[in-house]
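*Asks:* Protein sequences appear in the order of chains A and B.
Residue 1 is where the first sequence starts when you use the numbering used here, and the numbers rise one by one after that.
Residue 1001 is where the second sequence starts when you use the numbering used here, and the numbers rise one by one after that.
Calculated from the structure, these hints are not laboratory results.
Among the hints, erroneous ones may be present.
Calculated from the model, a selection of chain A residues having no Cβ within reach of chain B, i.e. all distances over 10 Å [said to hold, decoys possible]:
1. R126
2. Y165
3. G202
4. S218
5. A243
6. P286
Beta-carbon label-pair distances, calculated as ranges [said to hold, decoys possible]:
7. N1088/B <-> V27/A: 17 to 25 Å
8. K1364/B <-> D134/A: 42 to 50 Å
9. I285/A <-> K1402/B: 39 to 47 Å
10. P215/A <-> N1088/B: 53 to 61 Å
11. L1412/B <-> T59/A: 19 to 27 Å
12. N49/A <-> I1064/B: 46 to 54 Å
13. I116/A <-> L1284/B: 56 to 64 Å
14. D1215/B <-> V27/A: 20 to 28 Å
15. V56/A <-> K1402/B: 55 to 63 Å
16. A1039/B <-> D192/A: 13 to 21 Å
17. L36/A <-> A1177/B: 56 to 64 Å
Positions of the beta carbon are idealized from the N, C-alpha and C atoms, including for glycine.
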Amino acid sequence: MKRNRIHSPWGGFIFVLPSIIAMAIFVYGMIGYTLLESLENRYNAWTKNVKFVGFVNYTQLWQDQEFTHALSNLLKFTAVFMIGCLISGLIMSLLLEKGIKGEGFFRSTYLYPMAISFIAMGTSWRWLMDSARDERATGLNYLLQNMGLGFLQSDWYTSEAGSMYAMALPAIWQMSGYVMALFLAGFRGIPDDLREAARVDGASEYKIYRHILFPQLSPTFLTVLIILGHISMKVFDLIFGIATKSYVTKVLAIYMWQTIFDFQNFAKGAAIAIVILVMIAVAVIPYLIYVNKTEEANK
Amino acid sequence: MLKKSKVAAVLAALALVATTAPASNAATNKQLEIFTWWASGGEAAGLAGMTTEFEKQNPNTPFINASVAGAAGVNAKGVLVSRMQAGNPPDTFQAHAGEELSSYVKAGQVEDVSFLYKQEGWDKVFPKDLVKTLTTNGKIYSVPVNIHRANVLWWNPAAAKKAGITKAPNSLDEFLAAMAKFKKVGIDGIALAGNGDWAIAHLFDYVLLASMGPDKFNGLWKGTTKWDGPEVSKAIDYLAKILAYGNSSKSLDWPDAGKLVTSGKAGFFIMGDWASSQWQSEGLKLGKDYTWAPGPGTNGVYQWLSDSFTLPKGAVNRDAGIAWLKVCGSLAGQDAFNPKKGSIAVRTDSNPKLYDSYLQAAMKSWKKDRLVGSTVHGVNWGNAGMAAYNSAVGRFYTGGAKDKKGFVKALLAAKTANDNA
């Protein structure tokens, strides 16, 4: 009798209650508070007469040149980062997928960059991507020169046109190992029988990948896109570590931080935060719906 | 029974979570919690000097330094804003004197300390112009501990000799000519520190001052000189020409840019006089390894900035805060702090013998020069305007110094940002 009581639904509920409370306050409560803040007029630290102003703060964002600059920077960064990670992660997983000798070693090597903190990484990449040229060159420019590719020397993240593409490099370097691990898990999840059956049917190696393996990877592919997408939208520490608050590489999260802590414009900062949240939600929510549906279907 | 014990365990865990958080704050008996971003080098050494002075006078008050390291206080300000908003201020915090304080003043987060000025006689020993700048509506909200000069030109005598430069340039045009001489012998004309935009904005601040003179310059912040007028456009032309002589690495911090000068790879450096104490800490000798002059075209003008301490409203240990401010304004405190920090004392009765030859010269200039404030270091504009000003310059710089129209537009936007904040 006593044993059975543990299994009552209430027992389970009480176990998850602390996390529900914590989530309710620290996640959803804070989101609600931020949303409220973004609809009010606390444009500085001394606003006394706080009132509801509706969506003015959002419409004003679009006239703010620095906001649109940060947004376009973020979109450029996201595009290059996601494509770069996907391609390099996929290539690495293809190389490892066959179960080569020393796979464990390579796997850890590729994954290792993920273990480095963004700030430490930012500092090193700031040196690597130094824009000094020719006899002053260091880092990547120096490397290019010594490889006889001196004409490829670049301003990296300090040129207005190319800043975000360069900024995506360290991010790709860091995250592609993770993407590799996800794809590798995906490949390993495909039963060997399928490949063997295909081989028996006389399919070439290319055709096996094209028609048998890749289609099975599409859920992994989606997961990777979502994970990379939301990491990218929130990017802050990597860019702050490399270029602090420099205009040229400013993204939404940095502009939000600046708006709140430097300008003390709480309403505008909250509005930017909500914009970031909505951008992430647009990517993640359809995915969650899709996952739930497929899980229901599999039941 | 089992269920009960589990519930108890959960509750105990919750209670643990609930009680650990405030425990660190609960231990406030008599102490002084100070918030500063001086964490390394000459700054930390100077602070230690002042701390010793404080501890001598207040032996029973433990000194707690809630220091957050970071150049120009970029990280510290973030932490401070959160604490002020949360109603949990430190007993005193560091801020640049001038408009940078205005947001705290308008928010009613700092106390008027003019009573201390009378009580301690600071209104007599601090320069009148400075006290006037610090006073808003008859109230003063901070106690300055030091004065830095922003418009200083630094160079390496050996490199200058190599380039055939015999004396310091005296105007912007002479400045450009001298940079051309450096370029001829394969030395960059000027060292630029592009990381985070502010050091380039610091350079622009000087160029504005040098090209239009102190009256028009002051007008920029008061609204009497137009940002889209001919004076600013002339300054932008000069800035573009100067930037063209800069180093190709656009992402240096100022100490690294300074190294280009002391190692003979770059000619000039426009930087505040904290560069001098940085170089001395690297073992370099003033006069031999590096030397200085007022920024070309700004002779007789002292572009100042000042670090100061405040008395936050609602501070837990208000008396300790006041005791600290007294040390900040005292002769002993300022003379303990400044020679190490590489700045001069605010007090006019400070002892010159404690300072090096640059600082002694700066003390003389401080007494007779025309005083104007530094924008990048918080004197002329509040935080919002300052950040937008830095962004505007950073954009111009990384865009290759081409988009002059866009620059003016961004500067106008910065003015609006400042006025609306």
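*Asks:* None of the hints should be skipped; say for each whether it holds.
*Replies:* A quick look at each hint next to the structure:
1. For R126/A, the condition that its CB be more than 10 Å from all CB atoms of chain B is violated, with the nearest at approximately 6 Å.
2. Under the 10 Å C-beta cut-off, the non-interface status given to Y165/A relative to chain B holds; the minimum distance is some 14 Å.
3. With a least beta-carbon separation of about 56 Å from chain B, G202/A lies farther than 10 Å from that chain, consistent with its non-interface assignment.
4. A cut-off of 10 Å between C-beta atoms confirms that S218/A is not in contact with chain B; the least separation is 40 Å.
5. The claim that A243/A is not at the interface with chain B is violated, since a C-beta of that chain comes within 10 Å of its own (minimum 7 Å).
6. Against chain B, the non-interface label of P286/A holds: every CB pair exceeds 10 Å, the least being about 34 Å.
7. Restraint check, N1088/B to V27/A: a C-beta distance of roughly 23 Å satisfies the suggested window 17 to 25 Å.
8. In this structure, K1364/B and D134/A meet the distance hint of 42 to 50 Å, their C-beta atoms being roughly 44 Å apart.
9. Restraint check, I285/A to K1402/B: a C-beta distance of roughly 43 Å satisfies the suggested window 39 to 47 Å.
10. Separated by about 57 Å at the C-beta atoms, P215/A and N1088/B satisfy the suggested range of 53 to 61 Å.
11. Separated by about 21 Å at the C-beta atoms, L1412/B and T59/A satisfy the suggested range of 19 to 27 Å.
12. At roughly 37 Å, the beta carbons of N49/A and I1064/B sit outside the given window of 46 to 54 Å.
13. Between I116/A and L1284/B the CB atoms are about 34 Å apart, so this pair departs from the stated range of 56 to 64 Å.
14. Range check, D1215/B to V27/A: Cβ separation about 55 Å, and the 20 to 28 Å hint is violated.
15. For V56/A and K1402/B, the hinted distance range of 55 to 63 Å is not satisfied, since their beta carbons lie about 35 Å from each other.
16. Restraint check, A1039/B to D192/A: a C-beta distance of roughly 58 Å breaks the suggested window 13 to 21 Å.
17. A hinted range of 56 to 64 Å holds for the C-beta pair L36/A and A1177/B, which are about 59 Å apart.
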